[in-house]
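Asker: Now for the letters of each chain:
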Amino acid sequence: MNGSIAPHLWRGEWISESELKSRVSGLSGLIGETVGTPLDLRALIDACAALSKTLDSGTETRKLTDILQAGGGVTEAEVAETISGIADFLRRENLELKLRRELGSADPFHLARVEYSRHLFECWAPLGCLVHLAPTNSPSVGFLSVIEGLLAGNVNFLKIGGDDTLFTPTLLRMLVDSDSAGMLRDYIYCARISSRTEEGRDLLKQILANADGVAAWGGEAGIEGARKLTPSSARFVDWGPKISFVYVARERLEDQQLIEKIARECCAIEQQACSSPQCVYVETEDRSELRRFGERLARVMDLESPKVAPVEPSIAEQAEITSVTELCRLESCLDFTQVMEAKDGAWRILIEFASGLRASPLYRTVWLKPLPKNKIISALRPLRAYLQTAALSCDASRASELGGLLLRAGVLRITESGKMLDGYTGEPHDGVYALQRYCRGVSFQSDGSLKGISNFADLETGAQPQTANVGPILTKAMFQNADVDPRFSELFFKSGGSSGDPKLSVFTYDDYHRQMQLAAEGLYAAGLDPAADRCMNLFFAGGLYGGFVSFFTILEHLGTVQFPMGAHVDLKMVARTIVEHRVNVLLGMPSYLIQLFRENEELFRTYRGVEKVFYGGEHFNAVQKRYFMDAFGINLIKSATYGSVDAGPLGYQCRHSEGGVHHLHGRLHRLEILGLDNDQPVEGATAGRLIFTSLVRKGQSLTRYEIGDVGRWITGDCACGRRSPRFELLGRHGDVFRIGATYYSYQKFLKILADHRDYGEELQIRLKGSGIRGLEKLELSVLRDRGLTAEMVRGLLLAEYKDLDESVSQDGILEFEVKLITPEQFEKTAGSGKLRHIIDERDEEDRSRG
Amino acid sequence: MSENEPRIPCVPDSRRLAAVEKLCSLSDPYAGYGTGEIDRLFVRAMRENIRWHAEKSPFYRRLLDQRAFDPESIHKIEDCARVPFVLASFFKAHEALSVGRDEVFLHLTSSGTTGQKSQVFFDEWSIRSAQRMVDFIFDKYGWVTPGQSANYLLYSYETETGSKLGTAYTDNFLCKYAPVKNGFYALRMTGTGTHDFDVFGCIGALQRYAEEGLPVRIFGFPAFLYFTVQRMKDLGIPPLRLSPDSLVFLGGGWKGHADQAINKTQLYAQVEEQLGIPNARLRDGFGSVEHCIPYVECRAHQFHIPVWSRVFIRDVRTLKVLPYGERGFLHFVSPYITSMPAQSVLMGDLASLHEGSSCSCGTGTPYFAVHGRAGTSKNKSCAVAAAELIQGSR
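So the protein lines, in turn, are chains A and B.
Mapping of the first sequence onto our numbering: position 841 corresponds to residue 1023, and the numbering continues sequentially without gaps.
Mapping of the second sequence onto our numbering: position 241 corresponds to residue 255, and the numbering continues sequentially without gaps.
Bound conformation, chain B alone:
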């Protein structure tokens, strides 16, 4: 596919967005985080980004006016917390473009479960720079092996080409880091527009891969991986021993199977037991279409923040920035995106931030932990909650 050809991404305006380009080109994801030089670069990039969107997006301009925010007022990283944020859910209901429609390179919809899909628009720079960040991280962890092909098991939707579904797109491009020997989609097309989870097919693929001995790369939704190893246990299939260079990189959450979600530790233990892949090579990834910076678990399974973004935790009532360890809204700030004013996004997740030194992996940058959705899908009382009402009347 043409989107995957290696090309160095360029910002739309290299004069006005020089710091943005420089920041997003830093190839070591975690080095220099928190140092004066990198922090100053970040803040400069943020100022550039805000000025850019203030000019290009009428909505964003109104927002800055309403909040009486002047981009020149941010000098330190802490100041970035004051950048007016936009809720991720805002993008589900409204388009806010900072580029012309003809410049939209990719239009993605998120695979949400509430029936609303986010409308996110990327120009070429934004999506490519985010994808390059994934390259940088994979490289950092030694997962780029052009000379070593792998067998793939993809826990995602088999697609026709050109699908708008964000996750499908991502997973396809994840296959570029090691040449594909064989690939297997877990969620197979039925021919009538729906997908079926082919658990027996997955088990069969794994057994063949185990036989063949090549490194196996497993990407996609954790729920279906869980169902697979569970089924293997139920059927009494003896544990497989996949190559120790195998890699599991998950994403997308438990999607609609939340009632059966087990904690990640248990999942990793089961996978290690059933498939023989070492715990340190079982990684989850956190991401969303509204904020594409990749957050990849370290070998101690924590989401460390890369140099290209900063995270704040905001109190659920006052929206004040909370100190390490306390729970609140997850707030992402990053100047990478030029197509939409999504440089400061308040997510619908409850999370907490922790000092980098408290993680044994040695990455060093702070990390965040997610504690579930922030908000209610149903009220405790007899009064109906918003999520329960049919939204069609808006």
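Just chain A, same shape as in the assembly:
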């Protein structure tokens, strides 16, 4: 035992040998509890990122070095390299890349809709409890395998050697300590067990009885032993030793650069990796051709070998090298072989005329053998359990043929010479997708009750991720002036807004597609039926506008029938096309759509085939909506998405969402609602400023972005079944004001007048401070000559606007007056000539008191 630290790590605490023995019997119950809750992937990645930073900082290097060196046989430089390899593996972007590359998504464990015509959902699921039997030849492999096991959502029990140092469990403990959510501890166990003693084997057997998966390293005997102790129901993942080789197609026999790469790869790290080449196959049956290749390779080995500092083999390894070489020399007397060797014995090329694959004793020893393509399968397949990498060199026209043969023979990975070892540092499994071996693919088939739902994450309780509520609020100006890393600047769109300034929003293709995927889900939730609808995309294209392009992508994601028309000027042609092709869904800007229908009124009245309209870019007011629905038989007019070019899709409406209520795109963004005049989170359902933070975005970073809208939280469950956070849009920030101790929305005044009196025109509100009578006043002006009287309007608003009624009629703390004025009397903003919605005439004191 090393020092005074107990040798085993059990759910975050150090325990002794005897405690391990007594606790093992209860392992099954503990694991059962843990696997009942899904592992918090975000918390895991946060913990790994934090540990990575710690390792980078160097504060733990001395301690870890001392621990690892206590076992002997490793230099400080080697320890430093090991630690840096681990730190690299744990970086957030590397872990996320690994998830995307190996499991197809950074969020692979939520059931996601696979298609829209059937309600079929798929995702990856953990195996459950993964037992890792670490190798003795590498200090980091066990630890990294546990990280992979955690990424795949499993509980992990790592067995290391009885004589191993405490390096690995110390690192695991550091990971547990880096987890601010305190969740990881229950997923990690690490015990030092000797499989050479009866006692150790017994303990191992008890532990393995819990395994749903076993990841085993070791030689043939060790792996066989492990297999015997593994329950037959568990998945056995064999990471045993492997053999890799080079295959040179005949057209490359004379490729000098290739030969140099091969030579270098034979010298690199003394061929110790499982992806190092142990044999070079040449596509020939001619012995003299093989010999000539050998001579070429030998000449290059003479040049390349001295460039790499040698690592001396142990006595046993050296004896093996000599024995194999001498045997080869003897066999050359039978014309079976030929030995080419460095004068100083630094390297060896062992030519053997039989094609069977053989392992080399390493340390710059490589077999050179003939292998015509029609013998590939017979020569390699018997060893398929051990085959790993083949470096294939051939012409492009033969890549499919030769590559196919090698893969069918059992090779796992084909690369090129010079690249065989890539990805070795830090990766326990050279190029093989470990995560897929540590989970299983599952599916969920539903009846129509899940129509509209695209991802089960939306059905989960809407707890938002805990990112810190710190940092400055990002204004639009700050956002647009921020620099974007050119690595993440792939797609540029014109930024939204009416300021007239031609600023651009920047995305990576990755960001773009992820956002469009979510927007597509939002559209589906709002009522578009990809299986049945025939859609026309009428958004504007060109001039860097994102409208047409993004909806093209959205509709493509949904796989729906699409007519990519754009906001075409020939309105008659557009209408004809709609009717001819039985288009039933239109997507576009309200102003264009209104024009389209006005121009073709008769046609559309007759057709009545347009059922759904999804709009964006402008507001579609209630009066217009009602007209459309009555006149043309349209039964659904909804916003396609709530969002902006800058921020991407932020929210969406489901079939049950009324008015301005939206579901948050929780897989893209985190939402805060902060006070209208302070930066504190609002209480309850108070109106506040909507502040969005993007969770996944490589391009312009969106942290605490103030979009300029005001809204409030909606609590309770939505009828659609989703539990994602919901908010109600109340209008532009400038449109929400506070007077008489209450918040009011300009939009709401407008809506009431539009809904009840068909008044869709100008409206202006003037806020006045407490006058002689000590009360504040809200003065509302509408156009005269519209068939309205001041009393009528006042009465209507008090009847329909509860908050107003309370303050005015019941509490008597607010004065309310309605005026009818002429168009010229409306106050406009100097410059743009736009109507000012709210004019606040109160002084500072009044305003803050209000």
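Simulated from the structure, these hints should not be mistaken for laboratory data.
Only a predicted model underlies this, so the values are computations on that prediction, with no experimental measurement involved.
From the three backbone atoms N, C-alpha and C, an ideal C-beta is built for every residue, glycine too.
Hints are all accurate, no fakes.
Among the chain A residues that face chain B by a calculated CB cut under 8 Å, a handful are:
id : residue
1  : 502
2  : 512
3  : 516
4  : 527
Could you slot chain B onto chain A? The hints should help.
Answerer: Chain B only, in chain A's frame:
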């Protein structure tokens, strides 16, 4: 069995192999080792042997050409180190005969554990002269007692007659030095082609033998002897007192039980304790089918080299001959064998050579100590080692 009838062995060609015959007929195993006369005889025999195989074995001729070795170039014992050696593992994969198939008297397979069996061919001379050497050694140590019968416990495979397994054959013929009163095989045939280790039977036999009081001779694999005395201890059976003229002569290594190998000193101590046989009569033997010269432990448990062979230790990297005490490949040289060019064999063992004077037994000839296998069965790295691959693809 007919192979065991005493007959004086003769070399295939008494003119060309006279020195070979003379050397292998020296009846005192250790006397004269290192003296001018014996060394010269040895070297002459080697020259004869090499010339013989150069003519008879096409493979060997190629080998000599490849190494540019001329048998006439060896004059001193040290020169014998230059005789091109053949790896013992070569014989596992290839046949190299220097006699016609009709002259093959015995074809043995070794009881290796890696799944490969050596194919070794003996003409009558080679096997008989090697067996006679065992006679000479047994005689030297006073273990030939035709007038005193013994009870035998054989830790080897009960066989049907005609078995090719080398060790079984050897053990049978070891029973000729003292008439057999009773014999017991530890590894009993099951009737389905396999063998079971009958530990209780062994204990029972020993108890009967102890009762009877005759000298007991125990031959065979050390592992099973160890299991037997261990089981006796576990069962609390009081130690037996076998006749002090009893003899234990082991061979064949720990075969597949290497993970439980204890060192020989401990084994001898246990056997002496449990069975009462004095330490000086507990002897191991080192041998292999590829090189049949018998190396028998002296009473101080060292493998002294007999006059019929010479041993060199070769550096694992350079193959240079190493001085006393250093570890390297075990290299045997002996001109006894005429059926195969196995007169210079590099074994797969790591060993060291030591001066005869450093052993208290007084035998006087140098001795070698074995330090395990030379080579790796698995690589330290993730790369698979040869021994782990299925060899079927060759």
